[in-house]
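Asker: Sequence:
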Amino acid sequence: MRVLGIDPGLRNLGWGVIEADGSRLSHIANGICHSEGTELATRLLSLHDQLTDIVARFAPDTAAVENTFVNKDAVGTLKLGQARGIALLVPAQAGIPIGEYAPNKVKKTVVGVGHAAKVQVDHMVKMQLPGVQINGPDAADALAIAICHAHYVRAPGAALRIKGSAA
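Per this note's numbering, the sequence shown starts with residue 1, numbered consecutively.
Each hint should be verified, as a subset may be incorrect.
Dumping the calculated DMTMM-like pairs for lysine to aspartate or glutamate here, alpha-carbon to alpha-carbon at most 25 Å [said to hold, decoys possible]:
{"id": "1", "residue 1": "Lys-105", "residue 2": "Asp-49"}
{"id": "2", "residue 1": "Lys-105", "residue 2": "Asp-21"}
{"id": "3", "residue 1": "Lys-105", "residue 2": "Asp-53"}
{"id": "4", "residue 1": "Lys-118", "residue 2": "Asp-73"}
{"id": "5", "residue 1": "Lys-72", "residue 2": "Glu-19"}
{"id": "6", "residue 1": "Lys-79", "residue 2": "Glu-39"}
{"id": "7", "residue 1": "Lys-79", "residue 2": "Asp-49"}
{"id": "8", "residue 1": "Lys-72", "residue 2": "Asp-49"}
{"id": "9", "residue 1": "Lys-72", "residue 2": "Asp-61"}
{"id": "10", "residue 1": "Lys-105", "residue 2": "Glu-19"}
{"id": "11", "residue 1": "Lys-126", "residue 2": "Asp-61"}
{"id": "12", "residue 1": "Lys-108", "residue 2": "Asp-49"}
By construction, these hints were calculated from the structure, which means they are not laboratory data.
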């Protein structure tokens with residue numbers, strides 16, 4: 001099973017593709033989509049085009065996107081939500097099932113603690129995907145999301161959990 005993990009962001013959208021064969025995970029590719037342009041619509045279109053290319057190149061069987069939470073900056077949260085919309089839209093357009101995970105659930109699954117630091121996430125991704133060259137923190141987060149999804153989608157009753165996995 002090929003899994004695409006997506007860490008949404010308006011400036012930098014991280015992505016990572018892994019292969020899951022039973023409990024064995026292997027790295028396929030990872031990177032960061034950088035939005036281009038100054039207008040919001042242009043930046044979103046740029047992310048859409050780049051992510052569409054990634055889906056076409058790597059043909060994932062399933063995808064996972066990190067949930068976002070409202071913070072003190074309402075405008076920033078709204079813009080992030082729009083980038084997250086692109087992260088959900090592109091796999092959906094390709095007919096790929098999508099799981100959604102809270103950041104703490106991803107960290108707990110990959111690191112063992114829900115409030116792990118980015119350096120801990122990076123380290124555990126490298127441990128679980130030996131030899132991986134990570135293309136930045138956003139790509140590391142995306143690979144962690146893919147790893148988390150691979151663990152949950154394999155489990156009994158996964159179809160039910162994917163829909164309600166935000167918890």
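Asker: Each hint needs a verdict: does it hold in this structure or not?
Answerer: Structure-based check of each hint:
1. Lys-105 x Asp-49: violated (29 Å)
2. Lys-105 x Asp-21: holds (22 Å)
3. Lys-105 x Asp-53: Distance ~28 Å between Lys-105 and Asp-53 Cα, so the pair is violated.
4. Lys-118 x Asp-73: Status holds; Cα separation ~22 Å.
5. Lys-72 x Glu-19: At roughly 37 Å apart (the allowed maximum being 25 Å), Glu-19 and Lys-72 break the hint.
6. Lys-79 x Glu-39: The given pair, whose Cα atoms are some 12 Å apart, holds under the 25 Å limit.
7. Lys-79 x Asp-49: holds (18 Å)
8. Lys-72 x Asp-49: violated (30 Å)
9. Lys-72 x Asp-61: violated (36 Å)
10. Lys-105 x Glu-19: Distance of about 20 Å is within 25 Å: holds.
11. Lys-126 x Asp-61: holds (23 Å)
12. Lys-108 x Asp-49: Violated, at roughly 32 Å.
Comparing the model with each numbered hint stated earlier shows that hints 1, 3, 5, 8, 9, 12 do not hold.
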